[in-house]
Amino acid sequence: MTSRLATLILLLLAGAASHASAQESSARFTMAGTGLVSLNLRRTTDLAPGGGGSDQGVVPDFSDTYLLLRLDRQLYTNHRAGMVLGFLFPDAETGLGDVFYNQINVFYDTRTFRGTLGRTRLENFALEFPTLREEDLLEYGFVLNGFSNADNSEFNRYGNVARTELFGMGGRVSLRAQASSWTVTDGAGERLNDFDVNAGSTFLGYRLPETIRYSGVVREAGFGFHTQKVDLPGNEWLNALSAGLAVNLSRHPLRNVELRSQLIYSAGAEDSARLSVGAGTLATPLGRALAESTAVVASLRFLRRPYQLDRFQAAVTVAYKAFNGTDASQMTLVPNVFFQLGQGVDVGLQYQYERFADELATLLGQSRSHSVKFVLAFSFQSMFNDYFGDRDDILNFEHGYIP
Amino acid sequence: MPNEKEGSTTKVDRKGFLQTSVLGVAGAVVAGGRLTLPGGSAANTTRDAEVKAASTKGGIRAWPDRPEGWWRNQKPVIHPAAAAVQSFREIEIDVQIIQHEVVPGYTFHVLAFNGQVPGPELRLQEGEWVKVYFTNRTELMHTIHWHGVDLQYEQDGVPYTTQNPLMPNMTFEYTFQAIPAGTRFYHCHFGTPLHMQHAMHGALVIEPEQDPIKEEFGYSRDYTLVLESFATNDARDDLNFMLERMKQRMWLMAEGGVDEETLAVFESEETLREAIENGWDPPYLPNRNQKRERAGLDYNFFAINGKAYPLTEPIMIRRGETIRVRLVNGGGLMHHMHLHGHQFWQVAEDGNVLSSPLQINTIAIGPGKTADIIIEGYNPGYWTFHDHDTSRVTNNGMYPGGILTMLVYEEMDDYDGYHPKIALDE
Numbered sequence: 005m006t007s008r009l010a011t012l013i014l015l016l017l018a019g020a021a022s023h024a025s026a027q028e029s030s031a032r033f034t035m036a037g038t039g040l041v042s043l044n045l046r047r048t049t050d051l052a053p054g055g056g057g058s059d060q061g062v063v064p065d066f067s068d069t070y071l072l073l074r075l076d077r078q079l080y081t082n083h084r085a086g087m088v089l090g091f092l093f094p095d096a097e098t099g100l101g102d103v104f105y106n107q108i109n110v111f112y113d114t115r116t117f118r119g120t121l122g123r124t125r126l127e128n129f130a131l132e133f134p135t136l137r138e139e140d141l142l143e144y145g146f147v148l149n150g151f152s153n154a155d156n157s158e159f160n161r162y163g164n165v166a167r168t169e170l171f172g173m174g175g176r177v178s179l180r181a182q183a184s185s186w187t188v189t190d191g192a193g194e195r196l197n198d199f200d201v202n203a204g205s206t207f208l209g210y211r212l213p214e215t216i217r218y219s220g221v222v223r224e225a226g227f228g229f230h231t232q233k234v235d236l237p238g239n240e241w242l243n244a245l246s247a248g249l250a251v252n253l254s255r256h257p258l259r260n261v262e263l264r265s266q267l268i269y270s271a272g273a274e275d276s277a278r279l280s281v282g283a284g285t286l287a288t289p290l291g292r293a294l295a296e297s298t299a300v301v302a303s304l305r306f307l308r309r310p311y312q313l314d315r316f317q318a319a320v321t322v323a324y325k326a327f328n329g330t331d332a333s334q335m336t337l338v339p340n341v342f343f344q345l346g347q348g349v350d351v352g353l354q355y356q357y358e359r360f361a362d363e364l365a366t367l368l369g370q371s372r373s374h375s376v377k378f379v380l381a382f383s384f385q386s387m388f389n390d391y392f393g394d395r396d397d398i399l400n401f402e403h404g405y406i407p
Numbered sequence: 496m497p498n499e500k501e502g503s504t505t506k507v508d509r510k511g512f513l514q515t516s517v518l519g520v521a522g523a524v525v526a527g528g529r530l531t532l533p534g535g536s537a538a539n540t541t542r543d544a545e546v547k548a549a550s551t552k553g554g555i556r557a558w559p560d561r562p563e564g565w566w567r568n569q570k571p572v573i574h575p576a577a578a579a580v581q582s583f584r585e586i587e588i589d590v591q592i593i594q595h596e597v598v599p600g601y602t603f604h605v606l607a608f609n610g611q612v613p614g615p616e617l618r619l620q621e622g623e624w625v626k627v628y629f630t631n632r633t634e635l636m637h638t639i640h641w642h643g644v645d646l647q648y649e650q651d652g653v654p655y656t657t658q659n660p661l662m663p664n665m666t667f668e669y670t671f672q673a674i675p676a677g678t679r680f681y682h683c684h685f686g687t688p689l690h691m692q693h694a695m696h697g698a699l700v701i702e703p704e705q706d707p708i709k710e711e712f713g714y715s716r717d718y719t720l721v722l723e724s725f726a727t728n729d730a731r732d733d734l735n736f737m738l739e740r741m742k743q744r745m746w747l748m749a750e751g752g753v754d755e756e757t758l759a760v761f762e763s764e765e766t767l768r769e770a771i772e773n774g775w776d777p778p779y780l781p782n783r784n785q786k787r788e789r790a791g792l793d794y795n796f797f798a799i800n801g802k803a804y805p806l807t808e809p810i811m812i813r814r815g816e817t818i819r820v821r822l823v824n825g826g827g828l829m830h831h832m833h834l835h836g837h838q839f840w841q842v843a844e845d846g847n848v849l850s851s852p853l854q855i856n857t858i859a860i861g862p863g864k865t866a867d868i869i870i871e872g873y874n875p876g877y878w879t880f881h882d883h884d885t886s887r888v889t890n891n892g893m894y895p896g897g898i899l900t901m902l903v904y905e906e907m908d909d910y911d912g913y914h915p916k917i918a919l920d921e
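For the record, the sequence lines run as chains A and B.
So in the working numbering, the last one in the first sequence is 407, and the numbering has no gaps at all.
So in the working numbering, the last one in the second sequence is 921, and the numbering has no gaps at all.
For the record, the hints were derived by calculation from the structure and aren't laboratory data.
Hints may contain errors.
Stated by the list, open to error - Label pairs and their computed distance ranges (CB to CB):
id	chain 1	residue 1	chain 2	residue 2	range
1	A	V177	B	E596	26 to 32 Å
2	B	I855	A	F388	50 to 56 Å
3	B	F583	A	V221	45 to 51 Å
4	A	G61	B	P781	55 to 61 Å
5	B	E596	A	L43	16 to 22 Å
6	A	D50	B	R783	48 to 54 Å
7	A	V221	B	V760	25 to 31 Å
8	A	P310	B	H835	56 to 62 Å
Claimed, not checked - Derived coverage of chain A by chain B (criterion: at least 3 residues anywhere in the stretch with Cβ under 8 Å from a Cβ of chain B; other residues may be distant):
id	stretch
9	187-200
10	254-267
11	309-323
12	393-404
C-beta: ideal position from N, C-alpha, C; glycine also.
So here's chain A without its partners, still in its complex pose:
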């Protein structure tokens, strides 16, 4: 597998950089990736008779390490089209194998439109939050997969989509709509060969381009509607709403303070009675995805950027989720700090406290957990044969778009 990947990457690089003919328009090539390795230390407090706890030894974790390749080129119409190929390394416990191909898609791009077809992010959230890994907030920050009982984050974050996006205000405002195929598993969490379109969503968002991220107070805002055709007795659809707001509390470009908040309400697709303690389905990932719930997440992040270079980040994220109609709830608190040793090289420390209340604690057999992660991360992004600008370039949105 490794040699096949290496061969593929070399072929793509060679193809992007080659000038086989003076008349050939070579693709623009972007390569990005992150090597993310943490040493995890975890302690849980059990609710088993006797009420003891259990410690997990120090576990090296390289999940969410990824490599992403994007190739795109100008078309005869001056529109653009391209492809993305990406893979990540999932957690060993997920049973997904060594590599999970999370990005395999093609896209078509104009100044006001973007169409994407293939596997990519499901965009079942309003905002991203400053935790080490997205899975740290999976239960709180995402509309969960109502077809999967697998205990992994990948089936909740990635899927096959047909997505259209319309852009206005120089890319600041976007209206997205997507039909998607979310991964379907059996009760044991094994993936089934079911690739039907089973979900859809629409999202209206505002976002300051990254290049001018400190130039306004409102950095991101948006709300969306998400639906999954779960076809359960008496409830064909699992609907959810998401809304998010990110603001710069301080627009200081060297000492930025940012507040993010998100609400996800899932109307649920199962009779709440079945989700009670007695039925016990909240103990499974699928049960929690199908349950009516309300989740809120908020984070406060301080970023110190001496000389306009990211050097230090301290963030705290707090999240709470209640399963409506039950006493079950869960919350987490995630403070972390990161130092940037050099461009793209970070060392960090994250602590996560999670508490399961009442019925959920009973169902899961644990009431609290503490985890500490010491992380070293290497990230990069390089672009080759860069011969056209992007929608969110400052030049393009402030000085006239050049296709």
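Put chain B on the given structure of chain A with help from the hints.
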């Protein structure tokens, strides 16, 4: 089509003079603002002898063609504050980011003086005083350097050396006396590799009261060709990067919180070293900057007066007419301009009249250089005038394009032979 060189007595004499000059007798001299031929009078003969005596060491003349007293020709530079000037010529220049079409179908963002590429040609009379009100309508910092002009140093437009750079939405007033005469130019001196080359440059012609070149050659038309080289992909990348950085710095400046390390501007070497000892990494270190190799710009478009072939304007001439062409290199590359079917005269370099005209057909114009040439209309036709480094006669790598234009005889409209077409893919 007749192809004979339409000679005149003056022309034959000039050629004969150059042949003589090669033999080491004497060269053309500039005296009293006039280009004269030696050996024509007793006075000249006497002066030559004096010059020879003054500049001879051990019997070898150091500068056999040096005009008399040329090193004393520089006019004294007067501080603007000390100038008892009643009136100034007032000029308004701004800079803005515009989209510029260099060839049909290809447009890119540039920094443009008065919204045009190159900037407006400024024609001043030698000795007159000017005030240039320069307004910055971008979110970047700029200056204007008056290249080749002898002026008081604080008017020279070098950021952090002669002035602080001009901030967005501010106006700076440059005041100077237009000396010396000649073909000169102006350009931004802030972030020069990006700003000057993309495309903050323009011709500055300082006309003498009596022009020795005009008097000698009697040219009837005067053209200016600003030669340019653009690295449009690097420019886009750099402009976006600088705009992003400057938006943040402008916020800091407005709040009074920008420091030396952020700007990378220090009062002294001592404070610079102190900052480094305290952990500050200069932006030129590889740990901060690997991508932005300004020295290695990937040039892909080349232009004359903002346009690449086939949009370049032809140089028009008539049979028997003499024209002057001022060549200004506004970019960062060497250009070797070659004219087909003609020998032309180089009469000035860097705006200064040569001690003797040089008859050539290819002239090298380096970055920062200007050259004046005289073309005589003795060979009617369509004559290619182009950079003979043909990598600059391309548009995005495709030949022909770039720095390619034509010397066109107006009579050719009536000619029933071959007429040029536009070719884009050879």
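Now the hints, each set against the structure:
The given range of 26 to 32 Å is respected by V177 (chain A) and E596 (chain B), whose C-beta atoms sit roughly 29 Å from each other. Checked against the hint of 50 to 56 Å, the pair I855 (chain B) and F388 (chain A) fails, with Cβ atoms roughly 42 Å apart. Look at F583 (chain B) against V221 (chain A): about 46 Å separates their beta carbons, and that is inside 45 to 51 Å. A C-beta distance of roughly 40 Å is found between G61 (chain A) and P781 (chain B), which places it outside the suggested range of 55 to 61 Å.
Under the hint 16 to 22 Å, the C-beta atoms of E596 (chain B) and L43 (chain A), about 57 Å apart, miss the expected range. Taking the beta carbon of each, D50 (chain A) and R783 (chain B) are about 50 Å apart, inside 48 to 54 Å as hinted. Distance hint for V221 (chain A) and V760 (chain B): a CB-CB separation of about 30 Å, consistent with the stated range 25 to 31 Å. The hint said 56 to 62 Å for the Cβ distance between P310 (chain A) and H835 (chain B), and at roughly 58 Å that hint holds.
A count of 0 residues in the stretch 187-200 of chain A with a Cβ less than 8 Å from any Cβ of chain B is obtained; the coverage claim is therefore unmet, three being the minimum. With 4 residues having a beta carbon nearer than 8 Å to a beta carbon of chain B, the stretch 254-267 of chain A meets the requirement of three or more and the stated coverage holds. Against chain B, the stretch 309-323 of chain A contributes 4 residues with a C-beta closer than 8 Å to a partner C-beta. That satisfies the three-residue criterion, and the hint holds. Coverage of a stretch by a chain is defined here by at least three residues with a beta carbon nearer than 8 Å to that chain's beta carbons; for the stretch 393-404 of chain A and chain B the count is 7, and the condition holds.
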